[in-house]
Amino acid sequence: MIPNFNIENNLVVEFLLPDEDGSSFILGISLLGGDDVLGGFDEFTINLSLIGGNDVLAPSSGLKWQDVGCETSKVGLSIGGAIADAIYFQPQPGTANITLQGFDLDPTVNKNVRANTKIRVRLDSEELDRVLFVGYIDTIDVTYFPQGPNLIRIRAFDLYKSIVNLRIDEWDTTGLPGGTYATVDEVFELLSIKTGTTLSSHSLPVEGKIPAVDTTNILVPDIINDAISVGLAVVWIDQDTEELTVIPRPQEETGTATTYIIGNDHSLSPYHLCLSEIVVSSDADAVYNSLKVALTSDPETFVILRDQDSIDLYGESAIDVEINTTDSTELDRWATAVYEQAPTKLVSQVSTPAKDRLGNLTEAAVFTPGTLVGVSYTKDQLNIVGYYTIIKVNHDIDVDNWFTTLELWKAA
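Using this note's numbering, the letters of the sequence shown map in sequence onto residues 1 to 412.
Label-pair ranges, simulated between beta-carbon atoms:
(1) R114 <-> R306: 48 to 58 Å
(2) T378 <-> F145: 43 to 53 Å
(3) A86 <-> P299: 13 to 23 Å
(4) T296 <-> K64: 42 to 52 Å
(5) D283 <-> E71: 36 to 46 Å
(6) T259 <-> D283: 22 to 32 Å
(7) G175 <-> S281: 41 to 51 Å
(8) L128 <-> P299: 49 to 59 Å
(9) D104 <-> T198: 28 to 38 Å
(10) Y314 <-> P205: 33 to 43 Å
(11) Q101 <-> D283: 39 to 49 Å
For the record, the hints were derived by calculation from the structure and aren't laboratory data. A quick note: this is a predicted structure, and the numbers were derived from the prediction, not measured. Note that CB positions come from ideal geometry on N, CA and C, so glycine has one too.
Make a model of the complete structure from these sequences and hints.
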């Protein structure tokens, strides 16, 4: 994908900083009495400018993405989420842990680099220009040495952290077509409007109904958690677009000729990626043979599914769940979808060198949650083969290596 990948040349850490070549007035940065002004070129002029055109009330935000000329020594990125209670997807903010050196970026020198400064990590080459992470600095720490350069450590989170810290003043789903209920898709659409985000075009429909409500001062996590649990959804922020992506939880799938397979067979296929490590997990707490799911609003309305053969052999391992849905029909749909996908002994994660032995960057560097990949590990009597959906992508990058670890989920 990128031949002869070099972290110094091809991995760019950029900050959204004041445009020193511009003259826009920025609150908290520009000085009163200075040269910065509130307007510039392309101002919106009443009776002349067209609504929807390029003219705006100010020329720009006065900020632009800047590579400040520091040396990147280590980057750790994480995009996606985890599995909660062996049933739900639990979204997590995308994170970046970056180690840099350079006095241009030092917060004691550069007043514009501080907590909440926007930051992104980008692949930059003739072959590819792709944002791997975009978010906001949460913490920035600097270590100084008597005779050496500084060491800057930055921790940043993507837009998801900002979204889940919001409170929505008015939340009304009673006017939607369902009347007494809102579909999960409608909830995510309304949520994107209320939070000022956009739903990604890569999102897919999810099933489920949530009772309609008209309430005030509701926290975003309360809305998202209901939508994820009822819709059995997987959610993350698309790093290229900063859009909210929503897809159904993994179903039983098989790959195609162009599905990447991570394995130890040293295949010459262009869709083969070398395997560096595989983890197979089996958790007794995650294996159940009796599932009860009830309405949050009426716990006496419930559905129970049992595997009697398993109970006779091993005893009953029960799990009880409440979800905020509408009726027993929805409980049946939900319970069937979950119960048929009870986890057993499955691959939980697989690692691959995104920078291969020849120094070329592979497709693993741009994998995203929701991508289907194959896993193939055969050795002696072992034969671990299957297709899994990525739910979390972790990158560990230094000056010499790039390893990508994928956390996986599938229908059993």
